[in-house]
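Novice: Protein chains in written order, with this note's numbering: chain W, 78 to 330; chain L, 78 to 330.
In case anyone wonders, no lab produced these hints; they're calculated from the structure. Be aware that one or more of the hints could be misleading.
No copy labels: a pair is met if it fits in one copy or bridges any two.
[Said to hold, decoys possible] Calculated pairs, BS3-like style, for lysine-lysine (alpha carbon to alpha carbon, straight line, at most 30 Å):
hint, residue 1, residue 2
1, Lys308, Lys182
2, Lys286, Lys224
3, Lys286, Lys266
4, Lys266, Lys194
5, Lys286, Lys182
6, Lys182, Lys266
7, Lys183, Lys286
8, Lys232, Lys132
9, Lys232, Lys308
Bear in mind the structure is a predicted one, so any value in this text is a computation, not a measurement.
2 protein chains.
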Amino acid sequence: MRNLSENTLPLLLAIAICLLLLARNLSGGSPVPTAQTPQPDAKTQAASERPPRGKMVGIPPQTHLYPMPMSIVGAHVNGRPNFLAIAYVGAGCYDPPMLVIGINKKHYTTEGILANKTFSVNIPSQDMLGITDYVGMVSGRDVDKPKLFEVFYGKLETAPLIRDAALAMECEVLEVLDLGGTNYTVVGKVVATWVDENVLTRGVPDLSKIDPILFSMFENRYWRLGAPAGKAWHDGADYARRQGLPEPKAQGH
Amino acid sequence: MRNLSENTLPLLLAIAICLLLLARNLSGGSPVPTAQTPQPDAKTQAASERPPRGKMVGIPPQTHLYPMPMSIVGAHVNGRPNFLAIAYVGAGCYDPPMLVIGINKKHYTTEGILANKTFSVNIPSQDMLGITDYVGMVSGRDVDKPKLFEVFYGKLETAPLIRDAALAMECEVLEVLDLGGTNYTVVGKVVATWVDENVLTRGVPDLSKIDPILFSMFENRYWRLGAPAGKAWHDGADYARRQGLPEPKAQGH
């Protein structure tokens, strides 16, 4: 073995460097950036990017709407509340407010909607993903679904609302369309809305606090919300200026 | 100065530890997690989180559906293509596939939909946010909108499709509902679908490649997609096992 004293200086230097590295790690200072360290900008947060355009190709016609909002629809069936996960939901009218759902004719909940002409649309948060998926997988004929939720009522006696939802709307059926397919297309007028006061920002529902569940059909996948991307009835005016297009006269609906 | 040789063993140990730490840092291996190191899990990527539950409070009933998908609806008006941004869109039926839009009765595009009984639903990507907002702010009565897009046609002669969209659907009108409000609720059967081949993954539209525009009403804000959050018709079974609930018999629709 070589005499240690010959290496005293390089050794002390190595120790100093090592202690510095050690201190950095223990103090929680910024580590050396690596491929494993995601940067917190909007792009990496979104983890979503359109590749360069390719050819437009035909695929079989299906309900390829992206993304769909996950909701839990509630109704009374045989005198008891029942719930069902529904992504086939959209807005049908601004004033009065109407929602449209596409509900399978065979579902247990459907019987209740047809019988009572009322239903609820509840918006679940990400922390309800498991239960939301579950109420879309089992039938109220087999499982006692009202036990799964704390249920409350507002204006309508047969539109059960979910206490844990971020937002819950009570609807009166205006129209049930049977256009010959697997689903009824049901239009409901929103007659009352309930919201967790903690998902409001200055009195308006805040999507980042709702932390909604997004659904992509045929991939059979749920997604989270990403970063804010722009202002509606606003960014189009910037676009017009950049492109030299006629500017919008008024901003709003 | 004390004789170094007395400390030979502890020194060698310290050097070994330090070299190990050094190697970790230089090799780009996982650094020690700190507050400054965003973890690549869904939560930090999404930048969205539900606060602790508060009281459920009533707010005026409106179309509080979260999130809404942004689409650009196309139609022929007076023999020319026209386009309009629409977030009031949902799926109405699985088979045959139907989409439902809520379109303001006064809009220019509406005339064309009523006249030809056809329309298109185009899914724009985030890089089309400016133009999407713009076609929601100006009327085809004032601005020559077909000039804004490269337009193509598929099966229907009066359902203009947008070449730049991630996905474009041709619809035949099955029903126009006038339930006394500001909007017609229009049900269309999807008769043909076109998709940018580059947004497909194993033949299925991939939401992270579509990079869709999400809309939150009343906040008037656009959002990006976040991270994948779960598997549909699957995570509910895990939930059932964890909760000791009756397990779903079959997985699927």
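Novice: The structure should be examined with respect to each hint, and the outcome stated for every one.
Specialist: Against the structure, the hints come out as follows:
1. Lys308 / Lys182: Cα proximity of lysine 308 and lysine 182: across copies only (24 Å, versus 39 Å in one copy).
2. Lys286 / Lys224: Result: close within a single copy only, 26 Å intra versus 39 Å inter.
3. Lys286 / Lys266: Intra 25 Å, inter 35 Å, cutoff 30 Å: intra-copy only.
4. Lys266 / Lys194: both (11 Å within a copy, 25 Å between copies)
5. Lys286 / Lys182: neither (34 Å within a copy, 33 Å between copies)
6. Lys182 / Lys266: Close inside one copy (20 Å) and across copies (18 Å); limit 30 Å.
7. Lys183 / Lys286: Neither: 35 Å inside a copy, 34 Å across copies.
8. Lys232 / Lys132: Between copies only: 17 Å across, 51 Å inside.
9. Lys232 / Lys308: Neither. Shortest intra-copy (34 Å) and inter-copy (35 Å) distances fail the 30 Å Cα cut-off.
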